[in-house]
Amino acid sequence: DAGVIQSPRHEVTEMGQEVTLRCKPISGHNSLFWYRQTMMRGLELLIYFNNNVPIDDSGMPEDRFSAKMPNASFSTLKIQPSEPRDSAVYFCASGPGGGREQYFGPGTRLTVT
Amino acid sequence: RKEVEQDPGPFNVPEGATVAFNCTYSNSASQSFFWYRQDCRKEPKLLMSVYSSGNEDGRFTAQLNRASQYISLLIRDSKLSDSATYLCVVLSGSARQLTFGSGTQLTVLP
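Protein chains in written order, with our numbering: chain A, 3 to 115; chain B, 995 to 1104.
No wet-lab data here; the hints were simulated from the structure.
Remember, it's a predicted structure, so these values are computed and weren't measured experimentally.
Hints should not be assumed to be uniformly reliable.
[What the hints assert, rightly or not] As a list, the in silico DSSO-like pairs of lysine-lysine whose alpha-carbon atoms are at most 30 angstroms apart: (1) A:80 x B:1039; (2) A:80 x B:996; (3) A:70 x B:1036; (4) B:1039 x A:26; (5) B:1036 x B:1073; (6) B:1036 x B:996; (7) A:70 x B:1039; (8) B:1036 x A:80; (9) B:1036 x A:26; (10) A:70 x A:26; (11) A:80 x A:26.
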């Protein structure tokens, strides 16, 4: 069975450019999470969707970040404009509901120069 | 104070050793507890849930002390393949979010 799929796996971009990260959750899971991981701050929850509806976006760092989930099988995290401090690994995770079990994708390693 | 605190390590132990990791959490209303494992440059993966009565999965034993808000993970007869970062994770809040500790790095040496 396919796990959580993320693309791209690596992204290098220049400051000021728009970055779009993509996620396909595991079929049948109704919860989706976006995380960011850095050495300094560890793993941080950015936003949580349940049944395609954003439930909690309090972790989104600022207005430059936005996330959408147009349907049950696809979500995007967009950064516009990107800044060097956004460099991190961004993980998408999905779960059957409630956050008890989360299955992480392989992550997107973002470097903003 | 961080919501979930762990000793970052690193813990360097010889193969076959027993090693224990500790974790404390600040929200007394937290509902569920887990240990995740993250290999270098990989995604976190659920290792095991933690139950009040304590639970065991092969060489791994997890304990929860709600009164002290303390969680532990014991690894017996450690293997080289156990080398990873172990993340203490707490589920709480109306949004049922997972809060991750910063992780404890374990290296098992031959």
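Hint-by-hint comparison with the structure:
1. A:80 x B:1039: holds, 25 angstroms
2. A:80 x B:996: holds, 28 angstroms
3. A:70 x B:1036: holds, 25 angstroms
4. B:1039 x A:26: holds, 17 angstroms
5. B:1036 x B:1073: holds, 19 angstroms
6. B:1036 x B:996: Since the Cα atoms of residue 1036 of chain B and residue 996 of chain B sit roughly 24 angstroms apart, the hinted pair holds (cutoff 30 angstroms).
7. A:70 x B:1039: holds, 24 angstroms
8. B:1036 x A:80: Within the cut-off at roughly 22 angstroms; holds.
9. B:1036 x A:26: Status holds; Cα separation ~18 angstroms.
10. A:70 x A:26: Cα-Cα ~12 angstroms, so holds.
11. A:80 x A:26: It holds: about 15 angstroms lies between the C-alpha atoms, which stays within 30 angstroms.
Taken one by one, the earlier hints all hold for this structure without exception.
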